[in-house]
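There are 2 protein chains.
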Amino acid sequence: MPNKYTVILQPSGRRGEVAEGTSLRAAARELGVDIESICAENSTCGKCKVLVEEGTFERYGITSKRENLSRLSPEEAAYFARRPKLLATQGWQAGQVRLACQAKVYGDVLINVPEESRGNKQIVRKSATERIIEIKPSIRKYLVELTPPTLSNPKADWERLASGIATSIGLVRQGQANLPRAKDLTIDYACLQTLGTVLREAKWRVTVSVWQDKEVVRVEAGYSEHLFGAAIDIGTTTLALYLCNLENGEVVAAESEMNPQIVYGEDVMSRIQYTIANEDGLEKLHKAVIKTLNQLLARAANSAGISTDDILEATVVGNSTMHHLFLNLSPRHLGIAPFAPAIYRSVDIKAREFGLQINRSANVHVLPVIASFIGADTSGVLIAEEPHKQDENWLIIDIGTNAELVLGNKTRLICASTPTGPALEGAHIEHGMRAAPGAIERVEIDEKTFEARCKIIGEENWNTGKAKGICGSAIIDAAAELFRVGIVDTRGKFRHEGGMRRIRQGESGPEYVIAFAEETSIGRDIPITQQDVRQIQLAKGALFVAARALLDQFGLRAPDKILLAGGFGTYIDKTKAMLIGMIPDCPLENVYAVGNSAGDGARIALLNVDKRAEAMTVAARLTRYELPTDPAFQNQFMLAMNFPHMNEPFPHISHLIPNHKADPMAEKFSGGKK
Amino acid sequence: MPNKYTVILQPSGRRGEVAEGTSLRAAARELGVDIESICAENSTCGKCKVLVEEGTFERYGITSKRENLSRLSPEEAAYFARRPKLLATQGWQAGQVRLACQAKVYGDVLINVPEESRGNKQIVRKSATERIIEIKPSIRKYLVELTPPTLSNPKADWERLASGIATSIGLVRQGQANLPRAKDLTIDYACLQTLGTVLREAKWRVTVSVWQDKEVVRVEAGYSEHLFGAAIDIGTTTLALYLCNLENGEVVAAESEMNPQIVYGEDVMSRIQYTIANEDGLEKLHKAVIKTLNQLLARAANSAGISTDDILEATVVGNSTMHHLFLNLSPRHLGIAPFAPAIYRSVDIKAREFGLQINRSANVHVLPVIASFIGADTSGVLIAEEPHKQDENWLIIDIGTNAELVLGNKTRLICASTPTGPALEGAHIEHGMRAAPGAIERVEIDEKTFEARCKIIGEENWNTGKAKGICGSAIIDAAAELFRVGIVDTRGKFRHEGGMRRIRQGESGPEYVIAFAEETSIGRDIPITQQDVRQIQLAKGALFVAARALLDQFGLRAPDKILLAGGFGTYIDKTKAMLIGMIPDCPLENVYAVGNSAGDGARIALLNVDKRAEAMTVAARLTRYELPTDPAFQNQFMLAMNFPHMNEPFPHISHLIPNHKADPMAEKFSGGKK
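Keeping their order, the protein sequence lines are chains C and F.
So for the first sequence, the numbering used here puts the first residue at 1; every next one is plus one.
So for the second sequence, the numbering used here puts the first residue at 1001; every next one is plus one.
None of these hints come from the bench; they were simulated from the model.
Backbone N, C-alpha and C fix where the C-beta goes; we use that ideal spot for every residue, glycine too.
Mixed in with the good hints there might be a few duds.
What the hints assert, rightly or not - In silico SDA-like links for lysine to any residue, alpha-carbon gap of 25 Å or less:
1) F:LYS1493 - F:THR1575
2) C:LYS214 - C:GLU225
3) C:LYS214 - F:ASP1348
4) F:LYS1350 - C:GLU353
Claimed, not checked - Covered stretches of chain C, going by a simulated chain F footprint (3 or more residues, C-beta under 8 Å):
5) 155-161
6) 191-199
7) 329-339
8) 344-355
Build out the structure end to end from the sequences listed, making use of the hints.
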């Protein structure tokens, strides 16, 4: 029996005895702490750096009488010699930092595993609840060093590499079950085409990227840590792209752009119609979105200082129509009863199949579709917010040109969709624009002077900078403020038509000037018009009745929590959203503005492969609720167009409603059911 | 317990008891006889037709007192009503023929299962041994009838179809293990793109083609039996294509063409060199072969009266260089020591990845490579000839521009390759041509008059038709005949330089005129020149020494059997081949000319998916033997250039050798080792 020594690992506090001569990395694994490695314990990657706290790190050190770890190996010494600044920048002492794959235990030691060296890295996502997302991408990198072929062993390149990969995976992931064998591995065809050249230029020392533990999608010369992916959110109005470092979850670049399909139709139905009416319609719409995504990818890669070749996977969310158009699948039957999508389940397709310009061998993972009007975007929302893990009833409203609503808990989930129009994304609004520098994102109106205060994207303070337009969140702000200070009434009609400098008669009716020409960069006034207010009423009315219909299915007056999601503008001001009656009344502390939740879902699916399986499972559990279309329901919609509602009480924001009791219309309908 | 009745099946003679009410198809399955079906027992495909021999087929019939089978079902009656000529043409009586999926057992019956209705169809391949090849293609067709989507069940098209397929597979293949479930099935992306349209045009009744029990590669409206595949043999000099009916194994069209890469180099080394010397060399060579294959595919489809879209799979063989060029993989390292191929294992790649114009969703299966100079063509030869199943030692020589030799039995197999040049394929020969109509395929020379008799491809009789040139088999014939009648001597040198009308001094030396201008369609004489004979000597010498080297490894004087394979010309005349010393001496009855064995291997792999796995297993077992390059070996080669050999005895054809004892050179070397 070999001697045994105690190893204590910080910060986890795990401890236990290991046999003499065990490497620190193996010891940590035995004690349940995973330490990173990519180089198959070759002293190359340095990912397994640990700090020796007790157990001496120099032959006659201070903290211990004898040397409890093996001495620095030549490979380890070489690693540190190549990085003279490492110790200085981290404040580590020479000899204190070791490579866990090399240092072996010959006595009791106390080891600190710094965050960067820990396996199972995590990111924290703040939503209605704070949640930890484990970094577990579909792709892992392995350094593989091969014996070059000889006349007596001229084994084929791929078989040689596959054996080497299996060996490296075995070393890096010792002790794990289901490690792939050489014969289980495959190589993407495009990757095979360059294999021979890369292996030889690299002198048989390469870093391979393995997708889903089975398919080699990249072979790079030498040692490479670069591992990037793109999360793509295809909105009807806006395309958003997050370029992520797949090792630590960091978003290294974010880009967005108007959806270029807008020229073919502003909403999904008109785009579906375009593909039906025009023989090349589908091709045009498909190519348009791919082209713009390629521009975003190139921009994001450029700003992150990488090549688009370094992007080894993409995940995609979008509503069903965007999903179909992205995949070059006809959306025709999404728009014609009985509204059947082409496919529900998530798909993995080579980027090159439809010209998405990332690495040629990269796979594109498109999240599952749930129903004809509940798309992959909702799958993204589900894995980002996790209503299926809650005891409480959550109502999630994902607002875009269409809104999707999910209500439920861990035992029951229902969903519905409703068209809201592009108003809340800044379209159909006189000076609406997407959330970009120069866009007004917050608006406040003084209730006495009716003067406006604005916050512009890109400016740190209020009332500074020049405005270009007004984005989604500020549109909700503006409507709520106009109502709160009494400029528009409960029916959305302008009351004050003059007398104050910002209220005036515009070309198409009364309007309120949020920014005068001299406060803008466009040299024109930016008003909110009577028409704009009407657009907001239509959108918020549609949202409200859909939410109410779902709550009725559960027999609920209000949900336990409301999550407001949407890629438009910055985060919605929840008080303002309730004040205009966009969401049902409930305690304001139970309302959460969670931002672009679908986009977050795409990012989460990119960073954690298990969440893709979860998306499939939850999508299959969701029950679709079809909103009624009868006159009674239409009447509900008319009532819901009022600020905040014609006859639902809004006790939690009633103190903000001007002259609430005095409104003659409110009196008239106060005998209503709710 | 239900009543049980005896069912006897002919011609297998299987019998047993089955429960009352069992369908004849289910009964047959219970008794171990597989009856075809494609329509999920829907009375649509008629593939399960059986003849009722005993057990009455009419209510008060002659052969039995009571009705032992259920009456004709309406669906069954409708099937026969749609085919009024069926009974007449087959000579069957009305009511005697039933659909086995519909007819149920209510008494003892004697049933005849005609060949066309039997599952596990077979073809017979005649080689050195007669062998039966089971028809078991990678693709199976299933008729699927779906319930159209409704507002209350708007399930996605793919999920709807996948469930339907799983159900149909279950019905068609009742009782089999490992049937795929709906969630295990996938659909090719290109196929998914047209799915919605096809399903609706077909009114939800479609025939799906499922590859490898997992991937849907085609969805056709209504009922379709069409199932075709292409077996492709890429030779250095000749491309051959066999278009096969995958249901019965029949070759419905065969096409061949010169390999267009010849303009870039006649042998593999010069083509490899071309890709090294020219940046676009690989692309040019790859595109050239794909372009010509597409022409062959179009021609074959046209002559078979089908569309190239009906071709749902292709299998490919070729030497390692042809394999790499076909797959657009650089062959550079095949030509540079240590000669490592890019990949050994077989690959399945979508035809569209490199523009092969068959169905867009079709997969291309390329057989495994064994070593840098032993390619996928040898894999084809192995599964066609099956030396790995033999007790005896077989020597297989596959002759092309390169020759591959395999020697061994079921316990040990070794292989080698040797460049033979294109002479035996008709190139490098003054009037050589490929085996096509107009080519002389057989030559005999009268030993007294020195007059020639020829057999031309496309003609039924000897000495009829007009010759265009001379193909591989006739080149061997000509050399052997010139030697046998004494026109050329043992060293290949012309002896008779005049005096006879067919022997004359040509432009470059002495020559023998096989066909005079008036016997040709080209208006010029077709001679065999001294140069031509020299080319044949080089080729046959290379073959002989390689064979001898392998035999020496086994310590054998001669193998038990010799198989001569090659796509050139028609079948080689084995006596002539031995007379010129192309193969070692052995009893002539042990020599078999097996034709294009590699091409047959491609066809066998196309028709039987199990043979693909066998190819992988056998390829892995083969030991590569590297021919020596030392001066001693070069000397062997010089000796082997003689007809039949400078110092090996050829007792089995010695009676054909003129003045054998008298040859002064033979005397000189008769003291040699062998």
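These are the hints, each one checked on the structure:
1. F:LYS1493 - F:THR1575: holds (21 Å)
2. C:LYS214 - C:GLU225: holds (19 Å)
3. C:LYS214 - F:ASP1348: Cα-Cα ~16 Å, so holds.
4. F:LYS1350 - C:GLU353: Holds, because 11 Å separates the two Cα atoms, which is no more than 25 Å.
5. 155-161: The restraint on the segment 155-161 of chain C holds, since 6 of its residues have a Cβ under 8 Å from chain F and three suffice.
6. 191-199: Satisfied; 5 residues make the cut.
7. 329-339: This one holds; 7 residues, not fewer than the three required, reach chain F with a Cβ under 8 Å.
8. 344-355: holds (count 5)
No hint from the list above goes unmet by this structure.
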